[in-house]
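Engineer: The chain contents come next:
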Amino acid sequence: MTDDLQVAAGPDSTPRHLAPGDVGLVAPRDFVWSQPFTFKSGQKISGFTLRYETYGRLNATRDNAILICHALSGDHHCAGWHSPDDKKPGWWNNLIGPGKAVDTNRFFIVCANVLGGCQGSTGPSSLNPATGTPYGILFPFVTIRDMVRSQKLLLDHLGVAELHGVIGGSMGGMTALLFAIEFPHFTHRVLAMATTGRESTQAIAFNEVGRQAIMQDPAWNRGDYSRDGGPRVGLAIARMMAHITYVSDASMDRKFGRKKKDNAAGDAYTLDMQFEVESYLRHQGQSFINRFDANSYLYITRALDQFDLAQAYGSLEAAFAPVEADTLVVGFTSDWLFPPEQNRALALALLRAGKRASYAELSTDLGHDSFLLESEQLYTLVRGFLERDQLYTFDYAI
Amino acid sequence: MNPLVAKRTVDMEIIGDWVEPNTRVLDLGCGEGALLDYLVQQKKISAVGVDLDFNKITTCVRRGLAAYQGDLTQFLRAFPDRHFDRVICSRTVHELSHPTEVIFEALRVGRTLTVGFVNHGFWKNRLNALLQGRKIRNEVYTTEWFDSRPANPVSVADFENFCATKGIRIARRAHLAGDWHTPRRTLPNLLAGFSLYDLAR
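Residue numbers (our numbering), protein chains in the order written: chain A, 89 to 486; chain B, 8 to 208.
Calculated directly from the structure, the hints in this document are not laboratory data. A portion of the hints provided could be inaccurate.
[Said to hold, decoys possible] Calculated lysine to any residue pairs in the SDA-like style (CA-CA distance at most 25 Å, straight line): (1) B:K50 - A:E475; (2) B:K63 - A:S451; (3) B:K50 - A:E412; (4) B:K63 - A:E462; (5) B:K63 - A:T468; (6) B:K63 - A:S214; (7) B:K51 - A:R444; (8) B:K51 - A:H276; (9) B:K63 - A:K175; (10) B:K63 - A:E366; (11) A:K128 - A:D191; (12) B:K51 - A:A441; (13) B:K63 - A:S422; (14) B:K51 - A:S214; (15) B:K63 - A:L461; (16) A:K175 - A:H371; (17) B:K51 - B:G71; (18) B:K63 - A:L369; (19) B:K50 - A:R444; (20) B:K50 - A:A441; (21) B:K51 - A:P410; (22) B:K63 - A:D191; (23) B:K51 - A:K176; (24) B:K63 - A:P410; (25) A:K176 - A:H273; (26) A:K128 - A:A115; (27) B:K63 - A:D453; (28) B:K63 - A:G187; (29) B:K63 - A:T421; (30) B:K51 - A:S451; (31) B:K51 - A:R476; (32) B:K51 - A:E412; (33) B:K63 - A:Y467; (34) B:K50 - A:R476; (35) B:K63 - A:H276; (36) B:K51 - A:R277; (37) A:K343 - A:E366; (38) B:K63 - A:H371; (39) A:K175 - A:L369.
It should be emphasised that the depicted structure is a prediction, and the values quoted were computed from it without experimental measurement.
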C-alpha cells in the first residue's frame with residue numbers, strides 16, 4: 089500500500105479532525121494475550137500484544153462490529169487522527185467515519201496491527217522474553233491464519249459476539265476471507281478488495297526481490313540488528329520496487345510524466361537524480377525505513393507468498409465450503425498485482441460452493457492501490473453491502 | 008404505473024409461475040435485480056444475477072442479491088453441468104453477440120432455460136417499419152437509431168426455427184398480445200408482442 093492516496097478532508101477553516109464525517113482524535117490501545125500462542129508452523133511464543141484502534145460503539149447485542157484488516161505495510165490506524173498536527177489521518181479515513189460508507193455511528197470498528205508486524209504488535213522487532221533481545225529471525229514464521237486467530241482473540245476480549253463484517257484490501261482481503269473460513273458462525277459479511285486466493289508467480293517474484301534487497305544488505309546481519317540500525321538501504325530499495333507494483337503505468341505517467349527535477353543538471357550525462365519519479369521513489373523508500381522493520385517485511389511478505397487457499401484445503405471450493413458469510417469481492421481493472429481475474433476467481437469459487445457471493449469491478453487507472461480510492465461509486469457499493477437490510481423494501485404486489 | 012413499467016412486471020408474473028420454490032436460479036442480464044428480488048420474495052429461490060454494469064451490480068447488492076459483474080459466457084463456463092435449476096435470459100437474447108453459444112452454455116449449466124423476448128415479428132412492428140421506413144419506434148423500442156445500442160432483434164419464427172435446427176426441446180411457451188398481458192395462442196409470430204419459452208436439452 090502506498091502512502092500518498094490520502095487527501096485531508098474539510099475546509100481550511102475547520103481543523104481536519106473536526107471535519108464532518110471524521111472520527112476525530114483517536115488513540116491506539118494494546119491487547120495483551122499472556123497465554124502461549126502456537127503458530128501454524130508449530131512454533132510457540134509465551135504471549136503477544138496486538139496494537140489496535142476502535143471507533144464507534146459496540147451495541148447491546150454485541151453484533152455490530154466490523155473488523156478492518158490492513159495490507160502488508162498498513163497498520164491499526166485506519167481512521168481519525170492521533171493529534172491535530174498529524175500530517176495524515178488513518179489510511180482508510182476516506183471510507184470510515186460517522187456517516188461514511190463504513191459508518192461509525194452504526195458500527196463498532198476494530199482494526200489491529202497484525203501479528204508479526206512492527207507498529208506496536210508483537211513481531212520480529214519485539215523483545216524475546218527468553219533472551220531480552222529482539223526476536224529477529226528467531227520469531228516464529230507467521231501465516232495469514234495466525235493473523236486471523238490472534239485477531240479473533242482480540243475480538244473475544246472486546247466482547248464481540250459476532251462480526252457484522254470483515255473488510256480488507258490486498259493482504260487484508262486474504263485475512264477477511266480466511267476469517268469467514270476459520271470462524272464461519274462468527275463472520276456474517278466479507279468484503280474483500282484487490283485480493284487473491286493465492287499470489288501469482290509474478291507477485292512472489294516481486295516479493296523475493298524485496299527480500300533479497302534486505303537480506304543482501306550487510307546491515308541485515310541475519311536479522312540481528314539494533315532498533316535504529318538495520319538494512320536501511322535494502323529496505324528502502326524493497327519499498328521503492330514494491331511501490332511501483334502498487335500503482336500503474338498510467339497513474340505514474342499522469343503524476344510525473346518525464347518531468348525533470350528543477351535542480352537536475354542541464355545535461356543528461358550524469359547518474360545524479362534527473363527525473364521526478366526518481367526523487368519520489370527515493371522519498372517513498374526513505375519514509376518507509378523510518379516506520380517499518382525489515383524483518384517484519386521479510387516475515388509478512390513470506391506470509392503473503394505462502395497463502396494458498398486452494399492448496400491448503402484441496403481446492404478453492406473446498407476452502408469455502410464452511411463459509412456462512414455473504415461475500416462481496418471487488419476487483420480493479422488496472423490492478424496488475426492482484427488482477428481482476430484473481431478476484432473474479434474467488435467469487436466464482438464461492439458461487440460454485442453454493443455460497444452467496446458477489447463480484448464488482450471498478451474501472452480505475454490507479455493500479456493495486458485503487459481500493460483506497462476516493463470514489464462515490466465504491467462508497468455506495470460498500471455502504472449498500474453493509475447496510476442493505478435497512479435500506480430497501482420493494483413492493484412487488486401486482 | 009406507466010405502461011412500460013406495467014409491461015416490465017409481466018415476465019415477472021409468468022416466470023414466477025414457472026419457477027419452482029427453493030430452487031437455484033441464475034439470471035443472465037439481471038440489470039438492477041428486480042426479477043430476482045421478486046423471485047426471492049415469492050419463491051424463496053437462491054438467486055445469482057450477472058450483469059456488465061457496476062452500478063446495476065451495486066443496486067443488486069443493496070437489494071441483498073448475489074450478483075456478478077462480468078461477461079455472461081465466461082461466467083457460464085466457470086460452472087459445472089446442471090449447477091443451476093433454472094437459468095433465465097429475459098429481454099437479454101437480442102443483445103447477445105453469440106446467442107447460440109450463450110444459450111447452449113446456459114442449457115448445460117441449468118436444467119431449464121427460460122428465454123423471454125420482445126417479438127420483432129409483431130404486426131405493429133412490421134407495420135411501423137413498412138410505413139415509416141425507419142428504425143422501429145414505439146413504447147417498446149423507445150430510442151432513435153442514433154441513441155440505440157447495437158441489437159439483434161428476434162421474432163417468434165426466428166426463435167422457433169433456432170430451437171428446431173439446434174434440436175432444443177421447447178418444454179413450454181407463453182405468447183402475450185401487444186398489451187403483454189392477454190394470452191395469444193394463434194399466429195404468435197404476427198400477434199404476440201412478448202414471448203416466453205422454457206427450454207431443455
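Engineer: Compare the structure with each hint and give your call.
Structural biologist: Structure-based check of all given hints:
1. Of the pairs offered as hints, the one joining K50 (chain B) and E475 (chain A) holds, with about 24 Å between alpha carbons and a cut-off of 25 Å not exceeded.
2. A hinted pair counts as satisfied when its Cα atoms are at most 25 Å apart, and K63 (chain B) with S451 (chain A) qualifies at roughly 14 Å.
3. With a C-alpha separation of about 21 Å, the suggested pairing of K50 (chain B) with E412 (chain A) holds against the 25 Å cut-off.
4. About 20 Å separates the Cα atoms of K63 (chain B) and E462 (chain A), which keeps this hinted pair within 25 Å; it holds.
5. Straight-line distance between C-alpha atoms of K63 (chain B) and T468 (chain A) comes to about 12 Å, which keeps the hinted pair within the 25 Å bound.
6. For the given pair, K63 (chain B) sits about 48 Å from S214 (chain A) by alpha-carbon distance, which is inconsistent with the 25 Å threshold.
7. With a C-alpha separation of about 14 Å, the suggested pair K51 (chain B) and R444 (chain A) falls inside the 25 Å cut-off, and the hint holds.
8. A C-alpha spacing of about 20 Å is found between K51 (chain B) and H276 (chain A), which places the hinted pair at or below 25 Å, so the restraint holds.
9. Simply put, K63 (chain B) and K175 (chain A) have alpha-carbon atoms about 38 Å apart, too far for the 25 Å limit, and the pair is violated.
10. Note on K63 (chain B) and E366 (chain A): the hinted pairing is violated, with a Cα-Cα distance of about 41 Å set against a maximum of 25 Å.
11. Our distance criterion of 25 Å between C-alpha atoms is broken by K128 (chain A) and D191 (chain A), whose separation comes to about 34 Å.
12. Proposed proximity of K51 (chain B) and A441 (chain A) is supported: the alpha carbons are some 19 Å apart, at most 25 Å.
13. Distance restraint check for K63 (chain B) and S422 (chain A): the Cα-Cα separation of roughly 21 Å lies within the 25 Å cut-off, and the hinted pair is therefore satisfied.
14. At roughly 53 Å between alpha-carbon atoms, K51 (chain B) and S214 (chain A) are farther apart than 25 Å, so this suggested pair is violated.
15. For the proposed pair K63 (chain B) and L461 (chain A), the alpha carbon gap of about 20 Å is at most 25 Å, so the pair holds.
16. Restraint check: the Cα-Cα separation between K175 (chain A) and H371 (chain A) comes to about 16 Å, which is no more than 25 Å; the hinted pair holds.
17. Under the criterion of a C-alpha separation no larger than 25 Å, the hint pairing K51 (chain B) with G71 (chain B) is consistent with the structure, at around 13 Å.
18. Straight-line distance between C-alpha atoms of K63 (chain B) and L369 (chain A) comes to about 39 Å, which puts the hinted pair past the 25 Å bound.
19. Proposed proximity of K50 (chain B) and R444 (chain A) is supported: the alpha carbons are some 17 Å apart, at most 25 Å.
20. For the given pair, K50 (chain B) sits about 22 Å from A441 (chain A) by alpha-carbon distance, which is consistent with the 25 Å threshold.
21. A distance of roughly 22 Å separates the Cα atoms of K51 (chain B) and P410 (chain A); the hinted pair therefore holds under the 25 Å criterion.
22. Our distance criterion of 25 Å between C-alpha atoms is met by K63 (chain B) and D191 (chain A), whose separation comes to about 23 Å.
23. Of the pairs offered as hints, the one joining K51 (chain B) and K176 (chain A) is violated, with about 48 Å between alpha carbons and a cut-off of 25 Å exceeded.
24. Only pairs whose Cα atoms come within 25 Å are accepted, and K63 (chain B) paired with P410 (chain A) is rejected, the gap being roughly 29 Å.
25. A distance of roughly 37 Å separates the Cα atoms of K176 (chain A) and H273 (chain A); the hinted pair therefore is violated under the 25 Å criterion.
26. Annotation: proposed proximity of K128 (chain A) to A115 (chain A) is violated, straight-line Cα distance about 31 Å (limit 25 Å).
27. Taken as a hint, the K63 (chain B) and D453 (chain A) pair is honoured in the structure, with Cα atoms around 21 Å apart against an allowance of 25 Å.
28. Our distance criterion of 25 Å between C-alpha atoms is met by K63 (chain B) and G187 (chain A), whose separation comes to about 23 Å.
29. A C-alpha spacing of about 17 Å is found between K63 (chain B) and T421 (chain A), which places the hinted pair at or below 25 Å, so the restraint holds.
30. Proximity of K51 (chain B) to S451 (chain A) is assessed by CA-CA distance (about 34 Å); at most 25 Å being required, the pair is judged violated.
31. This hinted pair checks out: K51 (chain B) and R476 (chain A) have alpha carbons roughly 18 Å apart, not beyond 25 Å.
32. In summary, the hint linking K51 (chain B) to E412 (chain A) is supported, as the alpha carbons are separated by about 18 Å, within the 25 Å threshold.
33. Restraint check: the Cα-Cα separation between K63 (chain B) and Y467 (chain A) comes to about 14 Å, which is no more than 25 Å; the hinted pair holds.
34. Restraint check for K50 (chain B) and R476 (chain A): satisfied, since their Cα atoms lie roughly 20 Å apart, inside the 25 Å limit.
35. For the proposed pair K63 (chain B) and H276 (chain A), the alpha carbon gap of about 23 Å is at most 25 Å, so the pair holds.
36. With a C-alpha separation of about 21 Å, the suggested pairing of K51 (chain B) with R277 (chain A) holds against the 25 Å cut-off.
37. Distance hint between K343 (chain A) and E366 (chain A) is fulfilled; the C-alpha atoms sit about 12 Å from each other, no more than 25 Å.
38. For the given pair, K63 (chain B) sits about 41 Å from H371 (chain A) by alpha-carbon distance, which is inconsistent with the 25 Å threshold.
39. Of the pairs offered as hints, the one joining K175 (chain A) and L369 (chain A) holds, with about 19 Å between alpha carbons and a cut-off of 25 Å not exceeded.
Hint compliance for this structure: hints 6, 9, 10, 11, 14, 18, 23, 24, 25, 26, 30 and 38 are broken, all remaining hints hold.
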